[in-house]
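Chemist: These are the residues of each chain, in order.
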Amino acid sequence: MLRRDLHNEAVNGVPCRGKVLTLDTMNPNVKRVEYAVRGPIVQRAVQIEKELREGAKKPFTEVIKANIGDAHAMGQKPVTFLRQVLALCSYPELLEDNKFPEDAKKRARRILGACGGQSIGAYSASQGIECVRQDVARYIEKRDGGIPSNPDNIYLSTGASDAIVTMLKLLVCGEGRGRTGVMISIPQYPLYSAALADLGAVQINYYLDEDKCWSLDIKELRRAVTEARQHCNPRVLCIINPGNPTGQVQSRQCIEDVIRFAKEEHLFLMADEVYQDNVYAEGCAFHSFKKVLFEMGPEYSSTVEMASFHSTSKCYMGECGFRGGYMEVINLDPEVKAQLIKLVSVRLCPPVPGQALLDLVVNPPQPDEPSHTTFMKERTAVLAALAEKARLTEQVFNTVPGITCNPVQGAMYTFPRITLPQKAIDKAKEAGQVPDMFYCMRLLEEEGICLVPGSGFGQREGTFHFRMTILPPTEKLKIVLQKIRDFHQRFTQEFS
Amino acid sequence: KWSERKVTIFTPMSDQQETGPTMRRLSQLESVVLWNRARQIKRELKQGVKKPYREVIDISWGDPQGGGIKPLSFVRQVLAACHYPQLLNSDKLPEDVRQRAERLLKECAGRSTGSYTATQGIPYIVKGISEFITRRDGGVPSFPNNIYISSGSQWSLQVPTSLILIISSFFFTGVLTPVPCYDKVNMSIRELGGVTIPYYLHEDQGWELQIEELNRALESAKGVCNPVALYVMNPGNPTGSLPQRRSSFSWLMSEFVSYKKVLAEMGPPISETVELASFHSASKGLIGECGLRGGYVELVNVDPAVMEYIYKLFSTDSCASVPGQIALNLMTHPPQPGDPSYSLYNEVIMTITQLMRVFEVLNSVPGFSCQPVEGGGFAFPRLHLPLNAIHKAKEAGMQPDEFYCVRLLEESGLLVNPGWNFEQKEGTSHFRMNIMIKEETLEGVLRRLVSFHTKFMKEFS
Numbered sequence: 001m002l003r004r005d006l007h008n009e010a011v012n013g014v015p016c017r018g019k020v021l022t023l024d025t026m027n028p029n030v031k032r033v034e035y036a037v038r039g040p041i042v043q044r045a046v047q048i049e050k051e052l053r054e055g056a057k058k059p060f061t062e063v064i065k066a067n068i069g070d071a072h073a074m075g076q077k078p079v080t081f082l083r084q085v086l087a088l089c090s091y092p093e094l095l096e097d098n099k100f101p102e103d104a105k106k107r108a109r110r111i112l113g114a115c116g117g118q119s120i121g122a123y124s125a126s127q128g129i130e131c132v133r134q135d136v137a138r139y140i141e142k143r144d145g146g147i148p149s150n151p152d153n154i155y156l157s158t159g160a161s162d163a164i165v166t167m168l169k170l171l172v173c174g175e176g177r178g179r180t181g182v183m184i185s186i187p188q189y190p191l192y193s194a195a196l197a198d199l200g201a202v203q204i205n206y207y208l209d210e211d212k213c214w215s216l217d218i219k220e221l222r223r224a225v226t227e228a229r230q231h232c233n234p235r236v237l238c239i240i241n242p243g244n245p246t247g248q249v250q251s252r253q254c255i256e257d258v259i260r261f262a263k264e265e266h267l268f269l270m271a272d273e274v275y276q277d278n279v280y281a282e283g284c285a286f287h288s289f290k291k292v293l294f295e296m297g298p299e300y301s302s303t304v305e306m307a308s309f310h311s312t313s314k315c316y317m318g319e320c321g322f323r324g325g326y327m328e329v330i331n332l333d334p335e336v337k338a339q340l341i342k343l344v345s346v347r348l349c350p351p352v353p354g355q356a357l358l359d360l361v362v363n364p365p366q367p368d369e370p371s372h373t374t375f376m377k378e379r380t381a382v383l384a385a386l387a388e389k390a391r392l393t394e395q396v397f398n399t400v401p402g403i404t405c406n407p408v409q410g411a412m413y414t415f416p417r418i419t420l421p422q423k424a425i426d427k428a429k430e431a432g433q434v435p436d437m438f439y440c441m442r443l444l445e446e447e448g449i450c451l452v453p454g455s456g457f458g459q460r461e462g463t464f465h466f467r468m469t470i471l472p473p474t475e476k477l478k479i480v481l482q483k484i485r486d487f488h489q490r491f492t493q494e495f496s
Numbered sequence: 001k002w003s004e005r006k007v008t009i010f011t012p013m014s015d016q017q018e019t020g021p022t023m024r025r026l027s028q029l030e031s032v033v034l035w036n037r038a039r040q041i042k043r044e045l046k047q048g049v050k051k052p053y054r055e056v057i058d059i060s061w062g063d064p065q066g067g068g069i070k071p072l073s074f075v076r077q078v079l080a081a082c083h084y085p086q087l088l089n090s091d092k093l094p095e096d097v098r099q100r101a102e103r104l105l106k107e108c109a110g111r112s113t114g115s116y117t118a119t120q121g122i123p124y125i126v127k128g129i130s131e132f133i134t135r136r137d138g139g140v141p142s143f144p145n146n147i148y149i150s151s152g153s154q155w156s157l158q159v160p161t162s163l164i165l166i167i168s169s170f171f172f173t174g175v176l177t178p179v180p181c182y183d184k185v186n187m188s189i190r191e192l193g194g195v196t197i198p199y200y201l202h203e204d205q206g207w208e209l210q211i212e213e214l215n216r217a218l219e220s221a222k223g224v225c226n227p228v229a230l231y232v233m234n235p236g237n238p239t240g241s242l243p244q245r246r247s248s249f250s251w252l253m254s255e256f257v258s259y260k261k262v263l264a265e266m267g268p269p270i271s272e273t274v275e276l277a278s279f280h281s282a283s284k285g286l287i288g289e290c291g292l293r294g295g296y297v298e299l300v301n302v303d304p305a306v307m308e309y310i311y312k313l314f315s316t317d318s319c320a321s322v323p324g325q326i327a328l329n330l331m332t333h334p335p336q337p338g339d340p341s342y343s344l345y346n347e348v349i350m351t352i353t354q355l356m357r358v359f360e361v362l363n364s365v366p367g368f369s370c371q372p373v374e375g376g377g378f379a380f381p382r383l384h385l386p387l388n389a390i391h392k393a394k395e396a397g398m399q400p401d402e403f404y405c406v407r408l409l410e411e412s413g414l415l416v417n418p419g420w421n422f423e424q425k426e427g428t429s430h431f432r433m434n435i436m437i438k439e440e441t442l443e444g445v446l447r448r449l450v451s452f453h454t455k456f457m458k459e460f461s
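Heads up: the protein sequence lines correspond to chains A and B, in order. In terms of the UniProt record's numbering, the first sequence opens at residue 1 and continues consecutively. In terms of the UniProt record's numbering, the second sequence opens at residue 1 and continues consecutively.
Calculated directly from the structure, the hints in this document are not laboratory data. As the structure is a prediction and not an experimental result, all values here were calculated from the model. Heads up, the beta-carbon is just placed ideally off N, CA and C, and yes, glycines get one too. There may be inaccurate statements among the hints.
To be verified - So, partial list: chain B residues that the calculated Cβ filter (under 8 Å) puts toward chain A:
| no. | residue |
| --- | --- |
| 1 | Pro-71 |
| 2 | Gly-114 |
| 3 | Gly-128 |
| 4 | Arg-135 |
| 5 | Glu-289 |
| 6 | Val-322 |
| 7 | Ser-343 |
| 8 | Asn-346 |
| 9 | Asn-388 |
| 10 | His-391 |
As the list claims (entries may be wrong) - Take a look, some chain A residues computed to stay more than 12 Å from chain B by CB distance:
| no. | residue |
| --- | --- |
| 11 | His-72 |
| 12 | Gly-75 |
| 13 | Pro-78 |
| 14 | Phe-100 |
| 15 | Lys-106 |
| 16 | Gln-203 |
| 17 | His-231 |
| 18 | Phe-286 |
| 19 | Ala-384 |
| 20 | Val-400 |
| 21 | Gly-402 |
| 22 | Lys-427 |
| 23 | Lys-429 |
Okay, chain B solo, but in the shape it has when bound (with noise of 0.2 Å):
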């Protein structure tokens, strides 16, 4: 059910001496040292090197397939039949599968997934997502030709982002970023020549997006920026929090509500003139597919003297992969009540307890605290962590939770990623665990979990 959007955004290239701008701007944020000490971890454990763990359990990517969730069958049925059509020739797959490959090979030149396709995507499938929209909102009309298929949202986010950022030598173009963001949108910013203007999730009211903050934020980029976009992650990441929040538990109740849904509600003028991008992707949800690497854009209220630009960006890089294409098609158009693989792709991958399980037993630790987990597929834990190890962080000179991260490598196995990567506010703490995982796993890891954050707070009490 859970829906990641992402949305990229630009980050103004400096002159950096020998490489292109981007390079400096981009080095500013990243916690080398932990991912290559799980790099080489990982090596010394196949050479069998003795260590309190058998694997390292990466779990700092939002990635359920390498956390070891599997593929729906339909999803690879339809893939592999659509790859080496010969499938088609036996009754070995269901129907249902054996027709909707049919039907995209049917779509694609030369009926071979090989072939490029129109750049906007192949039209069939991205029909299928204007249809999947307009479903999921309710009935606002949705336009294929506003649509636009690539390879991973982030690079959907990345072309009309570069379209509104302009680089000049006498002034920056802002977007406003949440902190905490998703790292990949506040870098694709800055790469692309803008610069990113914070609003702060108040954390202790479920990491509550407040007008009063975006404000604030807007104010401060007076005289420092000339700001022209707003990011919204919804669900968040790493938050997980949705817009809305009902009382207590019932936010497991609460579903996914779209900014284009809500735009389209208000009515016009608003609905007519706000210009939005909302950004999609075969990596999350359901289907998870993060490798084959299938995302969309829907642009509405763009003005269509730049949506020619647009497609003239888009079709520079010829067209998206095909594969991504497809589990995109088979994300929009499920198997239906009555369809042979109907039951199999409805088994739910995480469980609403699992959900739980995660709130209640990061709740229960003293030294953790963590915000209802609505959506998203994470859970950004807060640490607070003593001043001795805040001290012995510095020292190393690691920020304090990179250095609890580390330490959580080293003594237990998993894999998480600094809070300081997400950008927080000053002085807090925190780290990114992805929870679309086996729950054997889950339980495996909440066990490491708590058990090394005992003993690291009792060395630094």
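Extracted from the complex, chain A is given alone in its bound form (with noise of 0.2 Å):
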């Protein structure tokens, strides 16, 4: 039936039309919105591994998706004190089991004691249940060596992701030229990207200088904001780190210098430290914004107003699936902080289990109790192979003509720059594709390797990149960078 008679049928009088939700009815906003972790790569290696599962012949027999951030999904092994908590507080009749440890069961009968009668399955609190948000409190205060924290500044979130959003719905606003800029990294990691893009909001990029390993020039900041004050307002400042996908871990000085220019540009300030267990380079060491903030005095501590965003998905527990995840917030205006909880009501509650979760983490076992020499081993363990990993990655990368890898100094990834031969831009130019994705995607369905293209994370215009994680286990990552390397190599001779 063509689409003309639609318009002049009538059911009980009433006549049909057209689809009220179209692509030129949409949202425009949504138009812009691209998350390259989880596009069109990825969906591509999904639909090989169903054919290989069909029983296609292919040159390789799984697909490697080193495309994402999941480290148990890569074999990671979860932290036992971590899931023997979550067992007892799913099925608290387990707390009668004597071959759980006395120090699980304790934080087990903690957790439910907080809870809506007694269980994980009732709603908790829209900002979270109140001692898992006076454990992060504590936890924060011993991590910044006594600098206090307000439990009634913490924030639990659907993952850090949630939080970061919600802030940013809160801080975009105006028309035109008075339209909130958001200052985020260029590569960035694509969610900041996708939110501004559906909120409306004005991106600025500031450049990261691959040449100092990824490093922030507060030059290169003031460059970005001076520009963009033409024709937007500039409020906010976000940063990541350790980064992602660079993996830098900034430097205290870097970080004051930071806090200095928000101030100065009168900037909200927005880390995002997912990884802060994540540092692996020499020399190299997490310091947490608002510590240094504080450190800097009253004159900065009490003014600069700023969010930090922490997860359960990264560091050593990789627990992505439970979405566990907070903020804290400094220096908000109060009225603003009674709207914020208004705003996290919308959708009543984060996952308790995740909430459960971040409480074991900010709380995990003391040296005292059955736990600790195990969950120290565990734990020790996988910050280990992550360094070594790290190690390995920049090592074998660097010995590939055609491509340079910085140091992954912290973080989950790599983030090589590749040269390309012109005749394979100009192949990908033909086959509507960006470069860097035209590679990729000969790699996965020459090797079955994921990776995400560089395009998707933003880089200087002319350079190309991907980003790789270094969460398979050492032995297949061997072998995967070998194979990007063999890859490397056979695709620079095909288009020379």
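Two chains, two separate frames, one set of hints: put the complex together.
Modeler: Here it is in structure tokens:
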């Protein structure tokens, strides 16, 4: 039946029209939303996996998904203590089972006691279970050398992403030249660009310096904000530390400079610190933005407005599926805080298992507790393995002509630069693809390795990269690195 | 048996000075006084302050487990085994639990509930949902590709809604929403940049949705905004009404019929053109796992090009909470007759007797009237308040039902949700109370309520 006919056809006297929701009538902001980490290359990878299952013959027997920071998917084992407490919370009858250690039971009882009806199946307060927020505050105080943290400033969330988007919703307003501008690094984790597109905010790019190990230069921040003031109202500065996709760990001096800059330019600071335990390089250390802020004295600590974000998806836990996270807000206007509570209440509350998990992360077994030894062993092993894989990755990639790789100082990814022959770039254009997508697609089809093209994160014009996770088990990672090396050489030759 | 469906709608962002536009809209409705006082009283009781009651009974949320109802063992055993697979090594857990946990773990990357899942949800679980829907709707096909699982149905509501709401300086996009309506829905709409166009449910006819009223509401939107969507809640929240009523108490036998089923039964072209989003959740019904945050949306007749963008939006939030996804699977595929866990699973958590009791009591006390509760787990009785009480409320700067609820809390320790939060016909007062609670608790609730109400009515007569 032709579309035309539908316009005339009547059912019960009601004419039938075309669809209400089409690309033309859709909220135009959504058209600009992209999220490369789960984008077209991943969809093709899933398709290939299906084909393999159905018996298709390929040059590989499995697809290695090195596109997403999902440690457990790559074989990392969950930390025993965390899962024991989660099991106890899920099915409290297990508290009678003597196979579970006392410290796990103690924590489960405490968490359950704080839940409505003593159950993780009850809604919690929208801001999160009070005793969990208190534990988070204590953890932050301990981490930051005693600088006080107020539980009222802690908001638990569904992963860090939820909290990040919530803050952006609060911050983005205005119209035309007054529209909120949000500064974000290039390259960046594409949640930011997606959220900014969806909210219709102005994205203000500041470029990290690839030649200086992806370092952040205040001069570049200043250039970006000054230029932006001509067409928008810059209000927010987002910084990811340790960085994603670049892995760089900011020095204390740099963090101070950024805070100073934020104060001078009257910017709200958003510090994404989800990889705070993932620091590998010699001479690098994690410094929380809050700690540095307070150490700069009251002139800064009582004026700079800031939100810091953390999550249970990364670090040594890798518990992505539980969607646990929090943000701590500093110097937020009390009236805005009241509105923030309302905003988070629309989704009722974050998943309670994730809140419980977060409580364990900030409240791990102490040296005098039965689970401590195993816990520390598991934690240390995970972080040590990641450090080793970071080093190995940088080393191998730098032996490949045409690939240059900055040291992976932290986080879970490598973001090497690839040199593509002009012929390949031309071929890509013909195929209607961005050159690094073309490259990654070929790698996927030929080797079954799924990476994310650098274009998904942002990069300087004319440069190409890919992001690969360092999460596969060491032996598998070695094979992956070899295959990429071989592929790159083949690819370069083919298009020379 | 009851299932609550929610539809979220958006509200437009206004230009608040320093904060995002969302904020001004959201600030309109909220009984801050009541929640603050409840928190305070709970603290005072903990500290040993003497009150006419030993604890606050919070029936303001739709939270069965929060109200003391125990979760289903099968659900919790499967979850525990999935999180800590060592439990599968012994025979302590029933066979069907172990089998289900094994099956689910097989579907988790790295056999871990800590891995991310596919954007729409674990495919095995999504497929299960489509089978559940087809079964429920007497064979009407349901396609996994049209289903998205999210951490709670509110989020699955917000995504498609954000697509149809256009934020423009020249016009507002509107969504028809019922009065009364679950407050989160209106908040969502406003938060996302839309306006709500109220259509009034007819209280005296069991909160009936009348088409003439829908038409009137649509007319009222002319020149004010561009209506693009209709939100319906079936069963209703807070009203508990089902769209079809039968005579007197045969409503007790009424069955849930989905909008999708009816749409399909109406045949083409309507069944192929009307765009529909249906929402469901593991927070309600028999399973009542609110805290696990498992919900889903099924999209029908949505333009395939638009579906790609829906996928993109969902993907930015990675995936739904895995415990929530598992809860959904256990909801759509409960133990079957013959399975070890079957009999325990089917112990009814709330009896018809309870429903009738609430209806009876609330309609027997002067100053109360209540429509039959057909579903949804809440009662939404009407308060017929004396003028003196209404004046006192005004003096105190509160809405009449809010005033009543604050006094109810102070004097009897009962926390309910004032009707004002759900919007209601001008000049009427209501409150919403959760009745998905243990029978003993319900008796206690009704006792406190009647006792307080009688005193209150006397005081202000």
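Chemist: Kindly indicate which numbered hints from before are broken by the structure, ordering the numbers from low to high.
Modeler: 3, 4, 7, 8, 9, 10, 11, 12, 13 and 14
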